[in-house]
Amino acid sequence: MTNKNTIQPRILAIDAGGTMTDTILVNEEGQFVVGKAQSNPEDESIAFINSLRDGLNYWNLTLEDAVPALASSIYSGTAMLNRLLERKGRKLGLIVTAGFEDYLRMERGIQTYLGYSYSDRLHLVTHRHNEPLVPRERIFGVRGRIDLFGSEQIPLYENEVREAVHKLIDMNVEGICVNLLHSYVNPEHEKRVKNIAQEIIRQRGADTLLFISSELYPVSQDFARLNTVLVEAYAADPSRDQFKRINRKMRELGANHELRVMASHGGTISTEAKELARTLVSGPIGGVVGAQYLAKELGFENVVCTDIGGTSFDLALITGGQFTIKTQPDIARFMLKLPLIEIDSVGAGTGSFVRLTPSSKRIEIGPDSAGYRIGVSNPVSGLSTVTINDCNVVLGYLNPDNFLGGDVKLDKERAYNAIKEQIADPLGLDVYEAAEGIISLFEDHLRNEVISRVLGKGYAPENYRLISYGGGGPVHVAGYTAGLNFEDILVPSWAAGFSAYGCACADYEYRSDKTVQAQIANLEDNITPFAETINSAWRELKDRVIEEFAKSGVKPDQVEFRHLLRVQYVGQLNDVEILFPGDEIKTAGDVQIIIDRFEEAYAKMYSRSARSPELGYLVTTAIITGVTESEKPKLPTEPLGPATPDTKYQETRLVYYKGNWEQANVYQMDHLRPGNTVYGFTIIESPNTTFVVPKGYKAYLDAHRIFHLSPE
Amino acid sequence: MREYDLETLRQLKRGELPFEKVHEMQSSHKDRDRFLKMLAIAQESVPWNDRILLPYAEHLYVVEKPDKSRVVKCDCGYEFGDVKQNWKLSALVYVRDTKEKINEIYPDKMGCDPDWMHIREYICPGCGVLLETEAVPPGYPIVFDFQPDIDTFYEKWLNQPLSK
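These protein sequence lines are chains Y and C, in that order.
Per my numbering, residue 1 is the first one in the first sequence, and the count goes up by one each step.
Per my numbering, residue 1 is the first one in the second sequence, and the count goes up by one each step.
Calculated from the structure, these hints are not laboratory results.
Please read all numbers here as calculations on a predicted model, not as lab measurements.
You may find that some hints are simply not true.
A few chain C positions that, by computed beta-carbon distances, are all more than 10 Å from chain Y [said to hold, decoys possible]:
no.	residue
1	9
2	17
3	52
4	100
5	141
6	153
7	163
One side only, chain Y facing chain C, incomplete, derived with CB under 8 Å [unchecked claim]:
no.	residue
8	115
9	117
10	120
11	125
12	126
13	128
14	129
Where is the CB? At the ideal position from N, CA and C, for every residue including glycine.
If we strip away everything but chain Y, and leave its shape as in the complex, we get (with noise of 0.2 Å):
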């Protein structure tokens, strides 16, 4: 670490859990603390300013003079994914088109089961609807109707509306949800149901919030829409309030910046943004844009990002600097419609249980795990099932006089006990056996998915880098990288926090969707109406994110605009998402851009043979993005030392592996210079997470402070 006096935080990434609020400095060069406190539901500010106050004592820094330093604080948090899981939001009113006042009750079955794995989706005693978030007394159907060319087929029955409304109002709801079909085509209906309740509202003095499903998610498929925006109004609104009080501590103390929320698309938003329900689940997308980031930075396209925390693997893909979005995600069992990074979690994580069969005493991993319990080697976690963090300690993987810099002593006779009765005994099999066992079979399942990732996408490992993060990720990667082949292998040495610096490495970016579905068979076709309806969507969903900017004071011309489309085939069910290269669709030439472009990406990434133009080609979806400057931060850059690291710091442990047990070398990773490479078998230890590499496989740590592990 520099001389801590001339350390100037930059950035700020505030990750409010249930139990604790962690919150993540960045400074100009790269490096970061951590600063933890317990959170404070009722008032989220208290705890962000003792948690800020915990990581600025590592920098001997106080609260006055850091936070006029920095250059952008970005939130993520869980109180509203909370609030939607307890059921503890809004009580909210709904108005739907009439005949349809039954679809929280009836769901859609996907909703039933959604979350589970493989063995409980079959067993339908396990399928369970949902509570919800609007009881049937107060959901109204309203007649009219728009069809799904957006012409009217029934007028507004505005009697009805009133009628509604004022029956809501009666009920004390504290917002009222609209949401008519078809309205993302033609939002008239809507937009006099607004009218009509804004009037009642006014002449009753009361001060019921309106959410609008056309003004806030204009997107087909009404059931998915109709989710997106009670979740909106009953979570995510509810912490504009939070994120107010915040912004007001901050700049109490001086900050002049605005603070900014992490959304599903993978960039920051003001909290003053109209959509704050993409904002509900930001934890893995952090890493991903964190990946994204180091891969422009070091100048490549492809990577795998790799997060194994305590009770998951995430997994995700950068293909040609890109991640791949997906529309249609689903939270907390619902459906919805919000732009999510595509990203693939496993129930796998160190804290995984361990298990056997009890009818053919198969080694069974999770799905459930101790999570931040650790494991039965923990003594004060109160567990009696072997977790994989217990096998790890066991073969001696992990330090236990070291693990969380040794804030959690954990016990080696304890997890050596428990393995021995519950796994090793039954199995008639010696411990140290059996801890291994597991453990391949655990980074076996891991590399079958990382495998399938790949494979199934159509790409090869060769063609890929892989980033492992998270605070199980290094432990692992050896294993279940092995005999993959991927170009390179990399592990950041803050591995453990890359979740979080991946979050301060997001851009200020706004997305905006609408669906359009315009279609055109060739270029004979005449263009205009096909050109016409995306440019106005474009032109629509540009004042949109203009507005968004204009909230925090950013003017248009700061701002680089993408114009994006979601196009399929005709026929098919699989849109792909294209960057038009221009803003405005004009000429023939531009349309045959778009069908380039999108068959580019189709064979891509289906197969060139699954292509079938002969229908044409729809658009689904027009899309703007909007980003403007913010402060990254720097990848540190230090001299590069040695070749071979400095002995003084050597101590040695045995481990267990692969039958045997070895002498391996074992570093505190702030001991390790760039230049340095170790071979195995080597165990890298830090305050966060451990980073083991096996016998025949050596780390190379570069000037960026990240390792390249290879085989020898």
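Chain C: place on chain Y using the hints.
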């Protein structure tokens, strides 16, 4: 291996556990002695003292009488007789074999056609609780739900043979 205490299982039986907990229990392996625990819970919930050998259906148990005979018994105490005989033969039965009777429990035209299907409701003569419902073609013999092989179950599955 998860182990659940009697109180949790009692709550499970009474339907008082939150769904997340029930789901967790449904999805994981049963504790080794779950059957015996559930038996103990059943035993403490009935007002009589005959030993329960097996829960048989809603409200019904197979119990061991002091003379070692095994009979089907309702939780109210009414005894239906030897487990080898169909208990339904000793129950009260209400047959819904007309449109009017079927429409008492179904909205019009949503029920069955009495020419094709009857609904037979078996009721406990002791407490009047509805024990079982059969949907069968008219004239179909009374269904014998199942005849458990209790001795083999105790001997081979629970590894604790019953004394004869």
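Hint numbers contradicted by this structure
8, 14
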